[in-house]
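If you want the building blocks of each chain, they are given just below.
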Amino acid sequence: MGKATVIPFGPQHPVLPEPLHLDLVVEDEKVIEAIPQIGFVHRGLEKLVETRDYNQFIYVAERICGICAMGHSLGYAETVESLMGVEVPKRAQYLRVIWHELSRIHSHLLWLGLAADAFGFESMFMHCWRLRERVLDIFEKTTGGRVILSVVKVGGVVRDIDDAQMAEVIATLDGIVDDYTKIMNTLLTDASVKNRTVDVGYISHDEALALSMVGPFARASAVGYDVRSFGRGAYGDLSDFQPITDDGGDCFARVKVRCLEVLQSIEIVKELAAKIPVGDIEVAVKGAPAAGAQASNVLEQPRGECYYYARGNGTKNLERMRMRTPTSQNLAGMTKALAGCDLADVNMIILTIDPCISCTER
Amino acid sequence: MAFASKSPWVIHYDGSSCNGCDIEVLATLCPGFDGERFGVVNTGNPKHADIFLVTGSVNEQNIGVVREIYDQMVEPKVVVACGICACSGGIFHDCYNVIGGVDKAIPVDVYAPGCAVRPEALIDAIVKGVAVLDEKSKALKESKKRGE
Numbered sequence: 001m002g003k004a005t006v007i008p009f010g011p012q013h014p015v016l017p018e019p020l021h022l023d024l025v026v027e028d029e030k031v032i033e034a035i036p037q038i039g040f041v042h043r044g045l046e047k048l049v050e051t052r053d054y055n056q057f058i059y060v061a062e063r064i065c066g067i068c069a070m071g072h073s074l075g076y077a078e079t080v081e082s083l084m085g086v087e088v089p090k091r092a093q094y095l096r097v098i099w100h101e102l103s104r105i106h107s108h109l110l111w112l113g114l115a116a117d118a119f120g121f122e123s124m125f126m127h128c129w130r131l132r133e134r135v136l137d138i139f140e141k142t143t144g145g146r147v148i149l150s151v152v153k154v155g156g157v158v159r160d161i162d163d164a165q166m167a168e169v170i171a172t173l174d175g176i177v178d179d180y181t182k183i184m185n186t187l188l189t190d191a192s193v194k195n196r197t198v199d200v201g202y203i204s205h206d207e208a209l210a211l212s213m214v215g216p217f218a219r220a221s222a223v224g225y226d227v228r229s230f231g232r233g234a235y236g237d238l239s240d241f242q243p244i245t246d247d248g249g250d251c252f253a254r255v256k257v258r259c260l261e262v263l264q265s266i267e268i269v270k271e272l273a274a275k276i277p278v279g280d281i282e283v284a285v286k287g288a289p290a291a292g293a294q295a296s297n298v299l300e301q302p303r304g305e306c307y308y309y310a311r312g313n314g315t316k317n318l319e320r321m322r323m324r325t326p327t328s329q330n331l332a333g334m335t336k337a338l339a340g341c342d343l344a345d346v347n348m349i350i351l352t353i354d355p356c357i358s359c360t361e362r
Numbered sequence: 001m002a003f004a005s006k007s008p009w010v011i012h013y014d015g016s017s018c019n020g021c022d023i024e025v026l027a028t029l030c031p032g033f034d035g036e037r038f039g040v041v042n043t044g045n046p047k048h049a050d051i052f053l054v055t056g057s058v059n060e061q062n063i064g065v066v067r068e069i070y071d072q073m074v075e076p077k078v079v080v081a082c083g084i085c086a087c088s089g090g091i092f093h094d095c096y097n098v099i100g101g102v103d104k105a106i107p108v109d110v111y112a113p114g115c116a117v118r119p120e121a122l123i124d125a126i127v128k129g130v131a132v133l134d135e136k137s138k139a140l141k142e143s144k145k146r147g148e
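Protein sequence lines correspond, in order, to chains S and Y.
Everything in the first sequence is counted per UniProt numbering, starting at 1 for the first residue and increasing by one.
Everything in the second sequence is counted per UniProt numbering, starting at 1 for the first residue and increasing by one.
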């Protein structure tokens, strides 16, 4: 055995656009331990509830993370609505889920691209991001924004998608499916992809449960946990929803789960677009949350379960707003997967948990 | 500027951005907007980079990293603040852990506003950055001629 050396990874590293710092303790080419250090992106935005009222805070909430922006505004709005006992019109619920699933498609395509880049498949990176642009075009047409949509408000949504526009959305998605299937088949059958991902960063089913992993990271270790299957909101009207799982537990299984989730999300959007009821898209919300009222909420973000908690104090400002994000749940699993891996696989393993540092640190 | 006198290589660092601007920086270099047609290449090495794209504001933890990357870049160099957080702190300007825009840490040459910054604005900012780079490189040559 060689002498233990510490290699710093990040915060500025080409593989990850975000600042995550790891101290990798290596012996020869083997990683013995990975010690994460965070705090580079901490802004302290939970404290902003004291100076912004509950309607204004939704714009802060969706800037927790630019990739899951839609999810955070949705999760926050649902929490405040249950705090105040507001019933959101059915059409608004459908529209929210449609945008949320579209943002899952964009997030997974973004991730597939970064993952391909991590094992040196640069052209695949470009192809995934080319397809992602078409999803962003849908966002731009329906909401006006590319990444920050600002479309959810407490009590409903700001914009409607009319029938002509909905048909356009479905046509765009249909156009994506062909191209996407080609990309997916390449990722799942190509030998060079398998060389870099199969049996890398293995996490067993029991370990996944013990480390409380969530999202596609856990589902790739055969944990069938998906908040969408609780059937809340428009998800309850889906004819069939089964979480996509895989029992591989390695990086390849995680690529596979996310690949299939894109197709699943496309199906969800198409089904909801066909079933969407006619009606209002918002209700007027008056008053303020009662003093001491509490509400919590869970939501399936692209990266896994996200938990929201809010407490009122009788004024327009909330007393406390708290989120627990999927990446902070998954960091324990990541350090576990990194222990004992080859130095060359570090990039791949870090990416397969799909880390979102700005969610984690807020 | 009538022509780009140089293919600028860029380095990107995420200060405390929400990711929105980061993915727009990457989208600028990918198909759709294709910054590479102007010769813009993303590099991970500060010593190879001409333009420093910073997204997000600075805080106590990352101000040292931003300065370190800037110091490692070779003259002439240009800093582009990408997005409103990097320009002034944006929506997070009154958070307890936000010092302010990137100009609190290093000199900024071009400001690209937006939340999130649009790829068109970024391309424009990079092209403007090349013009600044030209001026700086000219000044550098003249000071060498004078034997400074």
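It is possible that part of the hints are untrue.
Unchecked claim - Partial chain S-side listing against chain Y, Cβ under 7 Å, derived: (1) Thr5; (2) Pro8; (3) Phe9; (4) Gly10; (5) Pro19; (6) Asp23; (7) Glu33; (8) Gln37; (9) Gly44; (10) Leu45; (11) Gly66; (12) Arg130; (13) Tyr225; (14) Ser229.
Unchecked claim - Using C-beta positions, here's what the derived DEER-type ranges look like: (15) Y:Gln72 x S:Val198: 52 to 58 Å; (16) Y:Glu120 x S:Gly236: 27 to 33 Å; (17) Y:Asp124 x S:Gln294: 29 to 35 Å; (18) S:Phe241 x Y:Ser5: 54 to 60 Å; (19) Y:Glu60 x S:Leu238: 42 to 48 Å; (20) S:Tyr59 x Y:Gly64: 55 to 61 Å.
FYI, nobody ran anything at the bench for these hints, they're computed from the structure.
Since this is a predicted model, take the numbers as computed values, not measurements.
Idealized CB from N, CA, C, for every residue including glycine.
Query raised in the report: Is the gap between the beta carbons of S:Tyr59 and Y:Gly64 within 55 to 61 Å?
Result: With a Cβ separation near 30 Å, S:Tyr59 and Y:Gly64 fall outside 55 to 61 Å, so the hint is violated.
Report task. Given the range 27 to 33 Å, decide if the beta-carbon distance of Y:Glu120 to S:Gly236 lies inside it. Result -> Since Y:Glu120 and S:Gly236 have Cβ atoms about 41 Å apart, the given range 27 to 33 Å is violated.
Requested in this report: Look at the Cβ atoms of Y:Glu60 and S:Leu238 and judge whether their distance stays inside 42 to 48 Å.
Outcome: Taking Cβ atoms as reference, Y:Glu60 and S:Leu238 lie about 46 Å apart, which means the hint holds.
Query - Minimum beta-carbon distance criterion (7 Å), S:Glu33 to chain Y - result: violated (22 Å)
Query raised in the report: Should the interface hint for S:Pro8 be scored as holding, given a Cβ-Cβ cut-off of 7 Å against chain Y?
Result: violated (11 Å)
Query raised in the report: Holds or violated: S:Thr5 as interface residue toward chain Y, Cβ cutoff 7 Å?
Result: violated (21 Å)
Query raised in the report: Are S:Arg130 and chain Y close enough, Cβ to Cβ, to be under 7 Å, as the hint says?
Result: holds (4 Å)
Query raised in the report: Does the CB of S:Tyr225 sit less than 7 Å away from some CB of chain Y?
Result: violated (25 Å)
Requested in this report: Under 7 Å, Cβ to Cβ, is where S:Gly10 needs to be relative to chain Y, so tell me if that hint holds or is violated.
Outcome: violated (9 Å)
**Report entry** Minimum beta-carbon distance criterion (7 Å), S:Phe9 to chain Y
**Finding:** Status violated, d = 12 Å.
Query - Hinted contact S:Gly44 with chain Y - closest CB pair below 7 Å - result: holds (4 Å)
**Report entry** Restraint satisfaction for S:Ser229 [CB to CB of chain Y, less than 7 Å]
**Finding:** violated (27 Å)
Comparing the model with each earlier hint shows violations of hints 1, 2, 3, 4, 6, 7, 8, 13, 14, 15, 16, 17, 20; every other hint is respected.
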